[in-house]
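For the protein sequence lines, the chains are R and G, in the order given.
Numbering-wise, the first sequence is residues 0 to 418 according to numbering that gives the first Met the number 0.
Numbering-wise, the second sequence is residues 0 to 418 according to numbering that gives the first Met the number 0.
Fair warning: there could be bad hints in the mix.
Claimed, not checked - Coverage of chain G stretches by chain R, computed from C-beta distances (three or more under 8 angstroms per stretch; other residues unrestricted):
#1 64–72
#2 313–320
Said to hold, decoys possible - Just so you have them, the derived chain G footprint on chain R, three or more residues with Cβ under 8 angstroms:
#3 36–42
#4 122–134
#5 182–193
#6 283–291
#7 301–311
#8 384–391
Stated by the list, open to error - Residues from chain R that keep clear of chain G, each with C-beta distances beyond 10 angstroms, as calculated:
#9 Glu10
#10 Lys13
#11 Lys256
#12 Arg394
What the hints contain is simulated information worked out from the structure, not anything from laboratory work.
Just so we're clear, the structure is a prediction, and the values are computed from it rather than from any experiment.
Built from N, CA and C at the ideal position, the CB exists for glycine as well.
Number of protein chains: 2
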Amino acid sequence: MDVIILTIGSEILKGRTINTNAGYIAAKLYAAGFNVRQERAVADSEETIVRALGECFSQAELIIATGGLGPTRDDVTKSAACRYFGRGLLFDQEYFARLEDYFRRIGYERFPERSRNQAYVPERAKVLPNSRGTAPGLLLEDAGKVLILLPGVPGEMKALLEEEVLPYLIERFRREEPHSAVVRTVGLGESVIAERIEEGLAEIQTALLSYYPHSGMVDIVIASAIDAPPADRESIAQVAEHVAGRLEGHVYAREEKSLWEVIADLLTARGETLAAAESCTGGLISKSVTDLAGSSRWFNGSVVSYADRAKTDLLGVDPALVRRQGAVSEEVALAMARGALEAFHADWSLALTGIAGPSGGSQEKPIGTVFIAVAGPGKQAGRRFQFGGDRAQIRQRSAIKAAELLWRSLLAGQPVVDS
Amino acid sequence: MDVIILTIGSEILKGRTINTNAGYIAAKLYAAGFNVRQERAVADSEETIVRALGECFSQAELIIATGGLGPTRDDVTKSAACRYFGRGLLFDQEYFARLEDYFRRIGYERFPERSRNQAYVPERAKVLPNSRGTAPGLLLEDAGKVLILLPGVPGEMKALLEEEVLPYLIERFRREEPHSAVVRTVGLGESVIAERIEEGLAEIQTALLSYYPHSGMVDIVIASAIDAPPADRESIAQVAEHVAGRLEGHVYAREEKSLWEVIADLLTARGETLAAAESCTGGLISKSVTDLAGSSRWFNGSVVSYADRAKTDLLGVDPALVRRQGAVSEEVALAMARGALEAFHADWSLALTGIAGPSGGSQEKPIGTVFIAVAGPGKQAGRRFQFGGDRAQIRQRSAIKAAELLWRSLLAGQPVVDS
Numbered sequence: 000m001d002v003i004i005l006t007i008g009s010e011i012l013k014g015r016t017i018n019t020n021a022g023y024i025a026a027k028l029y030a031a032g033f034n035v036r037q038e039r040a041v042a043d044s045e046e047t048i049v050r051a052l053g054e055c056f057s058q059a060e061l062i063i064a065t066g067g068l069g070p071t072r073d074d075v076t077k078s079a080a081c082r083y084f085g086r087g088l089l090f091d092q093e094y095f096a097r098l099e100d101y102f103r104r105i106g107y108e109r110f111p112e113r114s115r116n117q118a119y120v121p122e123r124a125k126v127l128p129n130s131r132g133t134a135p136g137l138l139l140e141d142a143g144k145v146l147i148l149l150p151g152v153p154g155e156m157k158a159l160l161e162e163e164v165l166p167y168l169i170e171r172f173r174r175e176e177p178h179s180a181v182v183r184t185v186g187l188g189e190s191v192i193a194e195r196i197e198e199g200l201a202e203i204q205t206a207l208l209s210y211y212p213h214s215g216m217v218d219i220v221i222a223s224a225i226d227a228p229p230a231d232r233e234s235i236a237q238v239a240e241h242v243a244g245r246l247e248g249h250v251y252a253r254e255e256k257s258l259w260e261v262i263a264d265l266l267t268a269r270g271e272t273l274a275a276a277e278s279c280t281g282g283l284i285s286k287s288v289t290d291l292a293g294s295s296r297w298f299n300g301s302v303v304s305y306a307d308r309a310k311t312d313l314l315g316v317d318p319a320l321v322r323r324q325g326a327v328s329e330e331v332a333l334a335m336a337r338g339a340l341e342a343f344h345a346d347w348s349l350a351l352t353g354i355a356g357p358s359g360g361s362q363e364k365p366i367g368t369v370f371i372a373v374a375g376p377g378k379q380a381g382r383r384f385q386f387g388g389d390r391a392q393i394r395q396r397s398a399i400k401a402a403e404l405l406w407r408s409l410l411a412g413q414p415v416v417d418s
Numbered sequence: 000m001d002v003i004i005l006t007i008g009s010e011i012l013k014g015r016t017i018n019t020n021a022g023y024i025a026a027k028l029y030a031a032g033f034n035v036r037q038e039r040a041v042a043d044s045e046e047t048i049v050r051a052l053g054e055c056f057s058q059a060e061l062i063i064a065t066g067g068l069g070p071t072r073d074d075v076t077k078s079a080a081c082r083y084f085g086r087g088l089l090f091d092q093e094y095f096a097r098l099e100d101y102f103r104r105i106g107y108e109r110f111p112e113r114s115r116n117q118a119y120v121p122e123r124a125k126v127l128p129n130s131r132g133t134a135p136g137l138l139l140e141d142a143g144k145v146l147i148l149l150p151g152v153p154g155e156m157k158a159l160l161e162e163e164v165l166p167y168l169i170e171r172f173r174r175e176e177p178h179s180a181v182v183r184t185v186g187l188g189e190s191v192i193a194e195r196i197e198e199g200l201a202e203i204q205t206a207l208l209s210y211y212p213h214s215g216m217v218d219i220v221i222a223s224a225i226d227a228p229p230a231d232r233e234s235i236a237q238v239a240e241h242v243a244g245r246l247e248g249h250v251y252a253r254e255e256k257s258l259w260e261v262i263a264d265l266l267t268a269r270g271e272t273l274a275a276a277e278s279c280t281g282g283l284i285s286k287s288v289t290d291l292a293g294s295s296r297w298f299n300g301s302v303v304s305y306a307d308r309a310k311t312d313l314l315g316v317d318p319a320l321v322r323r324q325g326a327v328s329e330e331v332a333l334a335m336a337r338g339a340l341e342a343f344h345a346d347w348s349l350a351l352t353g354i355a356g357p358s359g360g361s362q363e364k365p366i367g368t369v370f371i372a373v374a375g376p377g378k379q380a381g382r383r384f385q386f387g388g389d390r391a392q393i394r395q396r397s398a399i400k401a402a403e404l405l406w407r408s409l410l411a412g413q414p415v416v417d418s
């Protein structure tokens, strides 16, 4: 069954709101075995929505639309849907009673008149009750075309999607569970990966591959293409094995786990802890680590040593060393790593010092020069890297390289800085 | 001139990648005075792309497409564009030389053969050089239809959009500068803002308002609606004055400046510096601060004190105080703020300690309890906050509240924790 996701809202087209709804719905549908053929965003205009519905239904049997169900005058999705299907809007006494109850519960003394129109629903539509807000989800069906309308507020949309829409779609339309595999890698570029993998694969196997570069790493997903007939579980497993074999040493996960989650597992299994000393990355590594729930069990903390004096005062780096080698040097990175290990009583530490730009570069140490050190049980190691891109990219690439080196070090049981 | 933004990439339709490109392009175009009529995302299939180009050009004169320009076999945007315009793909010797140079610079010993196809460009296309990667931007024009192809990697897309595409579009197609005004606020919810603002405005003035909540703050933009005739500069200025007046005390900028940029200006003007001690936010504040180029001039650093011992060892918090009050307490937040001020020899500091969840809450201090302290010249102040949402939202709301308090403190010349 082919699906189109239609986002309704002028705020999207003005770029003031990032359209996270479409991606969320797409991921859930894909995981459940449905093909999203297209995503489309249009303005809050009845004319435009009616036209979009016509075009989309010429390409897919199911449209999931979000937005435009609110109580204000720019919410016209319901009337557009009625016009497209040639139906009227009827007052739903039962839903109105729910609304009255909802407003009473959240402390309104009188019913807000503006919200009365939320109890109007298209004739013969199935009402999907919204436990978190006032706009109901709606399901309209006619001559093999299914239109599902969901509110644009992400929390309300998500609850309705999971509680009502997905169970309905799986029950009604899904024939078989989808098969796919993922190989997540770090330290290799997309073109090198493609070269290594595709050699030795038949055309039909290559067609199963998709490459997803994200934040400097590359995921390889093995699954049937959207436009192709579904591949069987065995073919997918076979290609996944081939891919993982060709990329050995760079595969950190064969499931939907991030590099930091893999590191968390390794540290937890060893009962060990981590600390960091971040100069050029300025807290990016700490932030990524502490994004993970439960990181307090294995992450002791970090020093963001932006000023040189923080390196000497808090991390115990010898001021003479900073003067002699410069704050951006392998020796200082190593001393920072040792300092972080001691200051935080940790088993492992990462330290970074470099030039993220846009200024501060020199002939000898141009922008993008970053020294990374790893300290671990009884040892430490450091190395110079040269990263490209702007300030944000240099910072991100540095943080990922540091995570990669830590991952390699944990696997080796000692600090490793070669990748 | 009407524009459609076309995102090409199966990863979008599978929900693996959030489509941030479309929103970014939309915002830039809108600010430059162009109307985005639709956003569309389609799969990496030549057939599908050709069809989408046909449909989109029936509704708009300009299409900006991103994605599908990489070196792998699922990158088919160029061949689809050639098929749509009836042109061939030619090898561009000059661009190939640039590519060779690029790979040499980033340390490749031999040219990756797979990347050779990036030097193939459609006949009569204008090549927009990509300073950050290997895929060039491309501009194709035929019979009043303009197609601009940009790489999908956000950093590369952004650089090309700003350096090449926008100047071209403005020069070539824009008739008059759009009028709009922005009022950026912190500390008030969207519905409270709407209530305060809309009272006392005529219908025609209310139609100029849009609300853009982002990361816990709300921007109010005053501009003509996409489908309405343009408003004159004077009406917009008048409404902007009214809005700013009604929201006094919460307006941190009347231009496209972030709250941290405003804080940077205030600190720089005073010649003062900042430090931080982050527990529950785990580096989020440091990361946001150091995202800004030039932050090393006023940001000395921070301690991410995830383990209690980091609070006592590095920030000098009395261990007895931690035992008595608990690590999550106003007293410890105040001690952390003082400790950060001293450890980093800074003029101002922010400290946060709280429970971001998903576990660790109690009856007395439920998840979302966060203590924030500000220390400044000779004084400090702290306060308890209760934030809602999941771990990520609690962390983000804490970081924004801390920035708001610092902003208020800098304006007052002394620590302020009331908002």
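Tested hints:
1. 64–72: Contact hint for the stretch 64–72 of chain G vs chain R: holds, 4 residues under 8 angstroms.
2. 313–320: Contact hint for the stretch 313–320 of chain G vs chain R: violated, 1 residues under 8 angstroms.
3. 36–42: Result for this restraint: holds, n = 7.
4. 122–134: violated (count 0)
5. 182–193: holds (count 5)
6. 283–291: Coverage by chain G holds for the stretch 283–291 of chain R (7 residues, Cβ < 8 angstroms).
7. 301–311: holds (count 8)
8. 384–391: holds (count 6)
9. Glu10: Given that some Cβ of chain G is not farther than 10 angstroms from that of R:Glu10, nearest at about 7 angstroms, it is violated.
10. Lys13: R:Lys13 is in fact no farther than 10 angstroms from some Cβ atom of chain G, at 5 angstroms.
11. Lys256: R:Lys256 is indeed farther than 10 angstroms from all Cβ atoms of chain G, at 14 angstroms.
12. Arg394: Contrary to the label, R:Arg394 does not stay out of reach of chain G, its closest Cβ about 8 angstroms off (not over 10 angstroms).
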